[in-house]
Amino acid sequence: MLKPLYDSAKGKMRVAGLVSGSGASFRTILEQQIRMEAQGGCPYQVVGIFSDNPKCKGLDMGKEFNVPVFVNDIRAFYEKRGKKITDKQVREEYDRETIKLFDPVKPDFLAYAGYVWATTAPLVNAYIGVNAHPADLSIEKDGRRAYAGANGVRDALLGGESEVRSTLHLVTTQVDGGPILLISEPVPVDRNSGMSLEEASRFYLKPLNEMTRKLFPRVVKDIAEGTYRRDDKGLLYYGDTPIPKGLRL
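The sequence shown: position 47 = 47 (the numbering used here), numbered continuously.
Worth flagging that the hints you see were computed from the coordinates, not collected in a lab. Note that the structure is a prediction, hence the values are computed from the model and not measured. Possibly wrong hints are sitting among the right ones.
With a straight-line Cα cutoff of 30 Å, these simulated DSS-like cross-link-like pairs (lysine-lysine) come out [stated by the list, open to error]: (1) K57 to K100; (2) K3 to K57; (3) K3 to K84; (4) K57 to K233; (5) K63 to K84; (6) K206 to K63; (7) K206 to K55; (8) K84 to K100; (9) K63 to K10; (10) K84 to K10.
Please model the complete structure; the sequences and the hints are all you need to start from.
Right under this line is the structure:
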């Protein structure tokens, strides 16, 4: 039996964003909500924006769109406890604080929209979460996702790929390890561009980020409408179609 990731019978899916920078992809989720509401109705409602960075530009969207904002300075949080930023026990404590901050708005879903920190079981298990990654996570080498991690574009170029793609996936405690929801259209790689690896990485990241901004709202809408479903074994479906490696555009 297939069960939706979100049961639309519960009403509008309550969406919150996690942002560390501009939050550009979350802005497109907000803008889609406004457009759909003007056209008759949106299956989700944005209820909050959280940032680890009190100077985050993405927080400005709160005032612009009249959405509550929540801030917990992650570096100050660690410094107060005298721990390194990589300490996992402190990260769990931090993530529990995030859940408490969200309690007044009670989200069902978190959009990890440029949120740069790995998250732990308390936060992952509390809400449905989706993250965007600027590489094709369906490609595996030696049983592992070849282009997971912070340098997805660079690694794909080093791996000799003829094209690069962006991936939207469910968030788990494994960084870039969650089930794949959607893989973008390809961006062809020009091997004769004369660019250095660093230059090429920056060059191809730009169109991939643009695709993410376009596709993130689609995924949020599809989840809110119950289009993404899961069987008893955890395999994802798009409607009635199994997507073991995500829906590929």
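Hint-by-hint comparison with the structure:
no. : hint        : in the structure
1   : K57 to K100 : 23 Å, holds
2   : K3 to K57   : 37 Å, violated
3   : K3 to K84   : 40 Å, violated
4   : K57 to K233 : 41 Å, violated
5   : K63 to K84  : 33 Å, violated
6   : K206 to K63 : 27 Å, holds
7   : K206 to K55 : 23 Å, holds
8   : K84 to K100 : 23 Å, holds
9   : K63 to K10  : 28 Å, holds
10  : K84 to K10  : 41 Å, violated
In terms of the numbered hints stated before, the structure departs from hints 2, 3, 4, 5, 10, listed from lowest to highest.
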